[in-house]
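Engineer: Sequence:
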Amino acid sequence: MNLRDLSYIVAVAETRHFGRAAERCFVSQPTLSGQVKKLEEELGVTIFERSNRSVDITAVGEDILRHARRLLEQSDAIEQVARAAQDPLAGPLRVGAIPTLSPYLMPQLLAPLRQQYPQLKLILREEVTDALLLRLRRHELDALLLATPAEDADLDQIPLFDEPFWLAHPPGHPLAAKPKITDADLEAADLLLLAEGHCLSQQVMHVCRLAERPHTSAAADLSAASLETLRHLVRAGFGCTLVPALALDSGWRDTPGISVRPLSLPDARRHISLVHRRSFPRTAALQALARVVREVLPDLAPPAGTPASPITAQAAPPVNTPDTPPDTPPVTSPVTPSATPAAAPRC
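Our numbering runs 1109 ahead of the 1-based position in the sequence shown.
Derived by calculation from the structure, the hints in this document are not laboratory data.
Below, a list of computed lysine to aspartate or glutamate pairs in the DMTMM-like style, where the Cα atoms sit at most 20 Å apart:
1) K1230 to E1188
2) K1146 to D1172
3) K1146 to E1132
4) K1230 to E1249
5) K1146 to D1114
6) K1230 to E1404
7) K1147 to E1158
8) K1146 to E1158
9) K1147 to D1172
10) K1287 to D1299
11) K1289 to D1299
12) K1147 to E1171
13) K1146 to E1123
14) K1147 to D1114
15) K1146 to E1171
16) K1146 to D1165
17) K1147 to D1165
18) K1230 to D1185
19) K1230 to D1196
20) K1289 to D1376
All chains, please: the whole structure from these sequences, using the hints.
Structural biologist: Spelled out as structure tokens, the structure:
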């Protein structure tokens, strides 16, 4: 029995499929199946019940897998400790980022990060929040760029910046005539949201006071998998939406048929943090990444020296940022027959 065999059975347990487990472990299916069978024979127990339709875990298999995961986590921790002792600012740093942030932050971040820390290799994975948190707990990722807070007592966060939301709507929208947008205006608006699984949807619903009641407007029947789709729905006149500030230059400001305007509501923003396991030893690498993020976004970043804090269900730590500007007349691009919408990264 070795760590490789343990990684095989964990992969089978998580995929419930020998073929997919083999792909995940970068081996052939016969190789993985043979090693799992050999381990079962060595231990004298059946870990998996196999059939043509499913792979099920036995009761003793569940106990074995619990210990296997713990051993693999400890092995990963040993490697991280050794790497940190050699040079905490060298080697791979596996970072996950949510898709409503990554396309707009990473192009600004990567070049200065490589310039300041050339030996630090950033490995990026883009997924929705729940999937990223699962990978972080499995030690498949080292840190996450997330909108916080997220409830988990085993995680810490390094506050990075507050990102304001802007309102986007067609020029002829009822909200276009309002000099100041209120909570009640947003609560009654035909709000377009991202599909379930995107944390941005919950954040927007919180800002618009929709979390405690059903979202019943006609726009509620439309959900999008990306900010790019939302942009085209707004342009086509199906409703309005809230856009994170970093995404504005991906086409929202200059798309014909869309008006964007800042909001003065105190909750119209999201807190972005670098989230990591408390046990992760390469704190110098995390602080380096956080420092560069703040450098490329000086208008949004909190004061230098803002401490890390545990992830809890309460509100994120206070972050000092410039006041959100009061509502101003929207920035409007009229529709013209020759205009072509600007492309934006897939979110």
